[in-house]
Amino acid sequence: MNASPVQALRELEPILRELEQSRSQQVHRFAQITLWSVVVGGLLSLGLALFRAGAWALAPLVLALIVVGIVYASKADEWRKSFKWRVMTRLVKYVNPNMEYHPERYVSEREYELSLLFHNSPTPDRYRGEDLIEGVIQKTDIRLSELHTEYRQVSYDSKGRRQEHWVTIFRGLFISADFHKHFQGVTLVLPDTEQSWLGGFGQWLQSLSAKLGNQPGELVKMEDPEFEKQFKVFSTDQIEARYILTPSLIRRIVDFRNKTRSPIRLSFVASRVFVAVPTAHNHFEPPSLFAPANKLLEPETLAQYFEELRFALAVVDELNLNTRIWTKQ
Amino acid sequence: MELIAGLICVGVGALGLAFLYAILYNSLIGKKNQVEYAYSGIDVQLKKRHDLIPNLVATVKQYMEHERGLLERITELRSRALNPNLPEGERLQVETALSSALRNLMIAVENYPQLRANENFMHLQASLNEIEEQIAAARRTYNAAVTDLNNAIEMFPTNIIASTMGLKRRTVFEAEETERATPSVSQLFKQ
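Those sequence lines, one after another, are chains Y and X.
Per the working numbering, residue 949 is the first one in the first sequence, and the count goes up by one each step.
Per the working numbering, residue 327 is the first one in the second sequence, and the count goes up by one each step.
Careful: at least some of the hints might be erroneous.
[To be verified] Straight-line C-alpha distance at most 25 Å; calculated DSS-like pairs for lysine-lysine:
| hint | chain 1 | residue 1 | chain 2 | residue 2 |
| --- | --- | --- | --- | --- |
| 1 | X | 358 | Y | 1169 |
| 2 | X | 358 | X | 494 |
| 3 | X | 494 | Y | 1169 |
| 4 | Y | 1276 | X | 373 |
Just so you know, the hints here were simulated from the structure itself, not pulled from any lab data.
Model, not experiment: these values are computed from the prediction.
Could you build the full structure based on these sequences and the hints that come with them?
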């Protein structure tokens, strides 16, 4: 985590220039294709209209617009890919030389299931992701990517017609890292909704929900009032939960949550920690194909990617995962 | 007719009250047992620490000539804590004294670089850290269970039942003054 955005910008400049050049070429070519398709389609439509072809006269124009759409999609995809391969892979190395970036890969569904973070939601019917970053930071191996998981909901309207909806379970950054202590059970740290509304009664509902088997183990009450307001903890072992969640880690989680300003959730399973940070923003994406000229070359653009990467990798420092004074080395 | 209806009402009411009493009574018993269970959780970890100490003292002894007094104190505290006839309150005091003596030892270790190169010692130190961490977790579990019980004893309506059961408030563990204060190293070496 040594290189500064300025230094990275200096070294990446030739690549960025090249990319910027190819981007403006692509935009130019796209404009030509659009112009030609619309002119040809328009003329054909006009011709057909003169022959009184009725509504069919519009067909060539519609066809032309479809062609334009397809060309745009393929150009945008190409641009994204070349940006990710050529710029992001290098940027990740600048932020941390031990990390690898794989634009097309993502955290596996097995790991997602293992984390139990969304064990109360249905199993996803659609599991997608991108931007996998993995590697070892000192002693902690870490893997993170963007994920978007959804399930299919089928409903029938009043006329008995079948309707399908995709419901999002989770969308955001999913992080899986080695935890610095050994443990056997399962501990979940979930965003608290009931207690902040209903106070003590909410807490009673939570412990009832654990007793009914909706959550693994039982409700664990922590001493930190701010933490208790934001989260609820369930664990198969009361002592182990507190062994993992020391007062200092609890503070760190509260700080991390305040920094992300989103309802994060954590789980501690199989000596690993899993963190899900819901975000609406799609990370690590290039500026739009039609962004103002030379936007890519502005230092702010690059600084923003740096910021995003640092944020994603910060979990190791934020949760102090590298401190190994315990028997797990 | 009215008499029968009245009797049924009274009967249903009494049954309801008895049922409520049973639920509250059981929840209080559950909380009381939770406290005892949590207490035994601390005991398990304290025992682990007792088992570790002889090994630690033996490893450290040959390096730390100047710390002989501290080591003897640790050994003595350990054997006192192991005495089965020790009253409960005193035993807790001995354990707390042992905690602070061990902490002092770990600070004194910083002065012996050869010791820090000793693999056996490093392993023991990691184990001790782990056990101390577990003790802290067990104490916090105990405190949470005690708070839960105390709340039930003082809050309505369980307070009525608790008083008939003779349940008393328990005290939570508190960090000692020395634990709260940042240790002053020079002070420690004067001992």
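Consistency of the hints with the structure:
A hinted pair counts as satisfied when its Cα atoms are at most 25 Å apart, and residue 358 (chain X) with residue 1169 (chain Y) qualifies at roughly 16 Å. Proposed proximity of residue 358 (chain X) and residue 494 (chain X) is supported: the alpha carbons are some 10 Å apart, at most 25 Å. Distance restraint check for residue 494 (chain X) and residue 1169 (chain Y): the Cα-Cα separation of roughly 22 Å lies within the 25 Å cut-off, and the hinted pair is therefore satisfied. Note on residue 1276 (chain Y) and residue 373 (chain X): the hinted pairing holds, with a Cα-Cα distance of about 21 Å set against a maximum of 25 Å.
Consistency with the previously given hints is maintained throughout, with no hint failing.
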